[in-house]
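Undergrad: Sequence:
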Amino acid sequence: MAGSIGWTEPTTAGHTAAGDAWGRGSGQSTAYALAFTRTPGFQTPSEFPENPSQSSRLPAPFRKHVRPKKQHEIRRLGELVKKLSDLTGCTQVVDVGSGQGHLSRFMSLGLGLKVKSIEGDQRLVERAQHLDQELLQTLKKEEKRNPQVVHIPSRCSPHHVVRWVDPRTLCEELLLPLENSPQGEARLLLTGLHACGDLSVTMLRHFSCCPEVVALASVGCCYMKLSDPGGYPLSQWVAALPGYELSYRLREGACHALEEYAERLQKAGPGLRTHCYRAALEMVIRRAQPELRRPGVQGIPRVHELKIEEYVQRGLQRVGLDPQLPLNLAALQAHQAQENRVVAFFSLALLLAPLVETLILLDRLLYLQEQGFHSELLPIFSPELSPRNLVLVATKRPLGQAFSVLETEDS
Numbered sequence: 001m002a003g004s005i006g007w008t009e010p011t012t013a014g015h016t017a018a019g020d021a022w023g024r025g026s027g028q029s030t031a032y033a034l035a036f037t038r039t040p041g042f043q044t045p046s047e048f049p050e051n052p053s054q055s056s057r058l059p060a061p062f063r064k065h066v067r068p069k070k071q072h073e074i075r076r077l078g079e080l081v082k083k084l085s086d087l088t089g090c091t092q093v094v095d096v097g098s099g100q101g102h103l104s105r106f107m108s109l110g111l112g113l114k115v116k117s118i119e120g121d122q123r124l125v126e127r128a129q130h131l132d133q134e135l136l137q138t139l140k141k142e143e144k145r146n147p148q149v150v151h152i153p154s155r156c157s158p159h160h161v162v163r164w165v166d167p168r169t170l171c172e173e174l175l176l177p178l179e180n181s182p183q184g185e186a187r188l189l190l191t192g193l194h195a196c197g198d199l200s201v202t203m204l205r206h207f208s209c210c211p212e213v214v215a216l217a218s219v220g221c222c223y224m225k226l227s228d229p230g231g232y233p234l235s236q237w238v239a240a241l242p243g244y245e246l247s248y249r250l251r252e253g254a255c256h257a258l259e260e261y262a263e264r265l266q267k268a269g270p271g272l273r274t275h276c277y278r279a280a281l282e283m284v285i286r287r288a289q290p291e292l293r294r295p296g297v298q299g300i301p302r303v304h305e306l307k308i309e310e311y312v313q314r315g316l317q318r319v320g321l322d323p324q325l326p327l328n329l330a331a332l333q334a335h336q337a338q339e340n341r342v343v344a345f346f347s348l349a350l351l352l353a354p355l356v357e358t359l360i361l362l363d364r365l366l367y368l369q370e371q372g373f374h375s376e377l378l379p380i381f382s383p384e385l386s387p388r389n390l391v392l393v394a395t396k397r398p399l400g401q402a403f404s405v406l407e408t409e410d411s
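Under the UniProt record's numbering, think of the first position of the sequence shown as 1, with each following residue one higher.
Calculated from the structure, these hints are not laboratory results.
The structure displayed is predicted, hence computed values, not measured ones.
One thing to keep in mind: the hints can contain errors.
With a straight-line cut-off of 27 angstroms between C-alpha atoms, the simulated DSS-like cross-links for lysine-lysine are [claimed, not checked]:
#, residue 1, residue 2
1, Lys140, Lys64
2, Lys64, Lys83
3, Lys64, Lys144
4, Lys69, Lys83
5, Lys396, Lys83
6, Lys267, Lys307
7, Lys396, Lys307
8, Lys69, Lys225
9, Lys267, Lys69
Generate coordinates for the entire structure from the input sequences, incorporating the hints supplied.
TA: Structure follows, in structure tokens:
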């Protein structure tokens, strides 16, 4: 099956294309030879042929308030979920970690699916409900102007629920059918677009132990937020591997955008000095407050226009430390002189990113297969637009060649 990974060992198809993003010959490295392909097995015309911020393949009303990357993601994952729902006879889709509801909105109002959206942040849910109403008004106006083109037989907004999904227990709300669901046995499909950390693992556990959940389509991210233990490893096979442990740094590196960084390397622009500045900031933080590990430093704009001491002062303020701490300017300048070496070190570490992500996703795939479920990993997003582009698809009855339908583009 083109571009998919199923019951066999990881395929090497497409690795030449993945390697070429890093330059000549890099696709022959051991890391790329072992990693799952991230190149979709389909070719389509450009999705953004005229306007780089407007997808030509997503209806205009669904593009409002949505960035290009997200437009591509909700269209591709939404269409896959629709096909999977039809193949498995699902009565309801549950979007876990739905955020502002862009995916849920497209699946329900664009594709006609019955959707429950679960999100733990009250503010995001309120925003999603506001956008639902705004879109409904837009669709009604368009339907009046052109009813034959716009009309959707059953137009129902997503049902939004504010609920924090605890990774340690089953979430009953996630399993409850909607009031307007068809009578009879509920058949649920769980999906999540870049469900963060343990949330993707929680979806796998609900799928495996709840008979009413018959299908799964999960795109994970934020691997560094996985619980240890609990979030990795899940499968017996990976747990039995010698040296299976993955450090925080390795899991964090697996979340970086390789294609975008390769382009930055080729341009060799001043923005690359961010790595050197961030390393210097880390050293200052460790001297000032050694117990502060992995501080979350929000992005500092226009780094290339700052002196290294200015960057450090702004970074200290963002992690709650005194920005006026005395700084050793000579030491900072010595760090800056190592800028090229820092970039080289970061690039070498990033070469392992596809392999680390492969091990994490292989662990999830095997966890499901060890229980007798049918599962595939499909690269459905363009990696240039969406680096975390592998969706884990699982069903409780075999689909056979029907799996190939899931990764094709709609006309």
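Undergrad: All the hints need checking, so say for each whether the structure fits it.
TA: Results for each hint:
1. Lys140 to Lys64: Status holds; Cα separation ~16 angstroms.
2. Lys64 to Lys83: With a Cα-Cα distance of about 25 angstroms, the restraint between Lys64 and Lys83 holds, given a limit of 27 angstroms.
3. Lys64 to Lys144: 20 angstroms, holds
4. Lys69 to Lys83: 22 angstroms, holds
5. Lys396 to Lys83: 16 angstroms, holds
6. Lys267 to Lys307: 21 angstroms, holds
7. Lys396 to Lys307: Answer violated: Lys396 to Lys307 is near 57 angstroms, above 27 angstroms.
8. Lys69 to Lys225: Satisfied, since the Cα-Cα distance of roughly 23 angstroms is no more than 27 angstroms.
9. Lys267 to Lys69: At roughly 22 angstroms apart (the allowed maximum being 27 angstroms), Lys69 and Lys267 satisfy the hint.
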